[in-house]
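Engineer: One-letter residues, chain by chain:
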Amino acid sequence: MTRFKAIAGTALTASLAVVALGACSSDGSPGGSDNGEVTSLTLWDGFTQYNTGSTPWEELINACESSTEITIERTVNTALSDQFTQAAASGTLPDIVIHDNPNVSQYAVTGVLADNETSGVDTTEMAPNIMASGVVDGKTYGASIGANSLALYYNEDLFDAAGVTPPTNWAELKSAAEALTDPAERQFGLGFSARPDQEGTFQFLPFFWGAGAELSDIASPKAVEALEFWTDMVADGTVSSEVATLNQQEVRDRFASGQFAMMVNGTWQLNNLDEAGINYGVVPIPAKDGGEAASPLGGEFALAVDSGDDARITAAGKFINCMTSRENLGDWLEGQTYISPYADQAEEQAASDERLVPWVAAVSAARARTEDLGPDYQSVAARLGEALSSSVADITEPDKALSDAQAAAEE
Amino acid sequence: MNAVRAVGWQDDVSRAAARRKARRRTKLMAFGFIAPVVFYILVFFVYPILRTGQLSLQDYNFQSFFTGEADFVGFANYQAIFTDPSLGTVVLNTVLFTVLSLVFQFAAGLGLAVFFTRKFPLSTIFRSLILIPWLLPVIVSATTWRWMLFKDTGIINALFGTDIGWLSDPNWSLWGVILANIWLGIPFNLVLLYGGLQAIPQTLYEAAALDGAGAWRRFWSVSWPLLRPVTAVTLLLGLVYTIKAFDIIWVMTEGGPGNSSQTLATWSYKLSFEGGMDQSLSMGATVASILFVVALVFGLLYIRAQRKEVAA
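Heads up: the sequence lines are chains D and V, in that order. Heads up, the first sequence is in my numbering, so the first residue is 1 and it goes up one at a time. Heads up, the second sequence is in my numbering, so the first residue is 412 and it goes up one at a time.
Okay, chain D solo, but in the shape it has when bound (with noise of 0.2 Å):
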């Protein structure tokens, strides 16, 4: 009896101590060779919501898989930035990832992505604008998969109801809201995200571009202009002070009901206001003295991972320009309401599908968010979040609020 339980406590400890061993060894990235040549790579996405094996994204990733006999492994990380980076701390990184296009310079400058020189990915045709986020140091990392961006959405019928038209300059857009906004009824005049984070920062640019200011300088008499164009209208009622809160989403969930006269938002809405069966418009967001202001550009890119081994890499450039050609990109635009990177692509786009005639111009007039400052704009991104949340949530004035934002941007 004595012997059977000192059997079984020593084996009892072996077998943890392998299994702890086993579990610690890292993993290194996954994926198979045969015979030198790579036949299975590993792919990260952040597209929770292509996971059902018959959407757009699936089968832009079966297509490929067919025609470059290379096996997908796909990994499907709802927080994927943070992901990637844990990853790369602890060696699992995958070979291809795609990421969000003003991430892209963070990690080129670290070195953990392979440049196009390298991966063998032709952008040469693609549009400059576009591709402009993924320049980095005069190399190019990845390739496009499709951009989009913003634009002023309004509904038709009330503006109809209230005898409005679709405002050209900021002027205008503030008399509309103003016309368009009820207290009574809770409707308010327009609507848009002020959250901290990208979401915020992504729908403030082109009232930031649109005054004339910089991401150089955030805390410049435009800026402050800008800031204080969103800050008035929250301040008497013509937008909702909840909006410090509400993400972009939710912004198109209260355009849709009824709620919100006008609403800042993106291409990727077209499709579920179809089905809401609202009657839009959309319009270019107006400069503050007319014309169109410029828009940020939104959509992801394809990266290849410099894993260290070469036939991977190469491999992974060839996966990566069989996604974004243009064939196979066209059912993925289509079904993702994307804009082609390929200007010619867009033309048709905009030929076939009328409601994405403003769209195309929009994404030809747009701005890489990081082309000015590159690796340093999600830090300065960051601060501007802040200081527009919480000048719209009234607890910093405009112009206080920027120049801490840019004070900090700058240590």
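Don't read these hints as lab results, they were simulated from the structure. If you're wondering where the values come from, they're calculated on a predicted model, not measured in any experiment. Accuracy of the hints is not assured; some may be wrong.
[What the hints assert, rightly or not] Okay, derived cross-link-like pairs now, SDA-like style, lysine to any residue, Cα gap no bigger than 25 Å in a straight line: (1) D:LYS400 / V:SER497; (2) D:LYS400 / V:ASP689; (3) V:LYS438 / V:TYR451; (4) D:LYS139 / V:THR478; (5) D:LYS400 / V:TYR451; (6) D:LYS174 / V:THR564.
[Stated by the list, open to error] Counterexamples of contact, computed for chain V against chain D with all Cβ distances above 12 Å: (7) PRO532; (8) THR535; (9) VAL551; (10) LEU608; (11) PHE630; (12) SER634; (13) TYR652.
Idealized CB from N, CA, C, for every residue including glycine.
Model the placement of chain V on the given structure of chain D, informed by the hints.
Structural biologist: The following block gives chain V in isolation, referenced to the frame of chain D:
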């Protein structure tokens, strides 16, 4: 004569040796049994704590994730945190959040536990239903509370006829998350306190009733004193869970607007993962270490109180 005594002495020696051998074998077996647990605690508890402490003394920034290098900076991070203007607000928010959550969760849990001691039809079903906040994933509860607390479209404002920006008004955001957290913690308190109440013998209540004690007096003089050990456990566990509550706040308000609903836990996350190239796992680790020390202090106080009670 001598030979007989010599043999006896030899027997004693060999018996002592045999006893020592047996004791050593028992000791080894004991180690064998606790080794898995010790190993588990070392790997999953001690190592992360030590690593967090190590991180707080380094400069582990965005680049470090990729290069694996982080300079040693001594107490510079602690200095930065203690001179940060947000620290006061964050600490105050954490204290308010924890204390108010605990007080109201406990009171509601206790009230419900007393209510359920009386068996009425469907009481078991209701008691199980009240467990739902505990069983739902926090993301689900947090999102639902977020919808309920919207200023213009939320049900709370509609029911009470108020126009409060529970999530978007810096004066109200902390109360919004406290409200949701109280709801989350009630089942935990209910379960523990109900168990504690069940352990009190009915005869004590009967005796008190015979002596003329009313319901309130019976609670105060019989239930409450005998619940003291369970109360201590419940409050301590509640404190440890609440002080590090993260997802409920993050999903509802992300600590905002401004820092109005930021607690040490959410601040730690924000410093570690937000801010582009400014993100610093070391700063987050510093805040996390402070949080750990606070929880540890209360844990030790509890153990000391337990020891005193056992000794008494």
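Engineer: When the hints from earlier in the document are held up against this structure, which numbers fail?
Structural biologist: When the structure is compared with the hints, only number 5 turns out to be violated.
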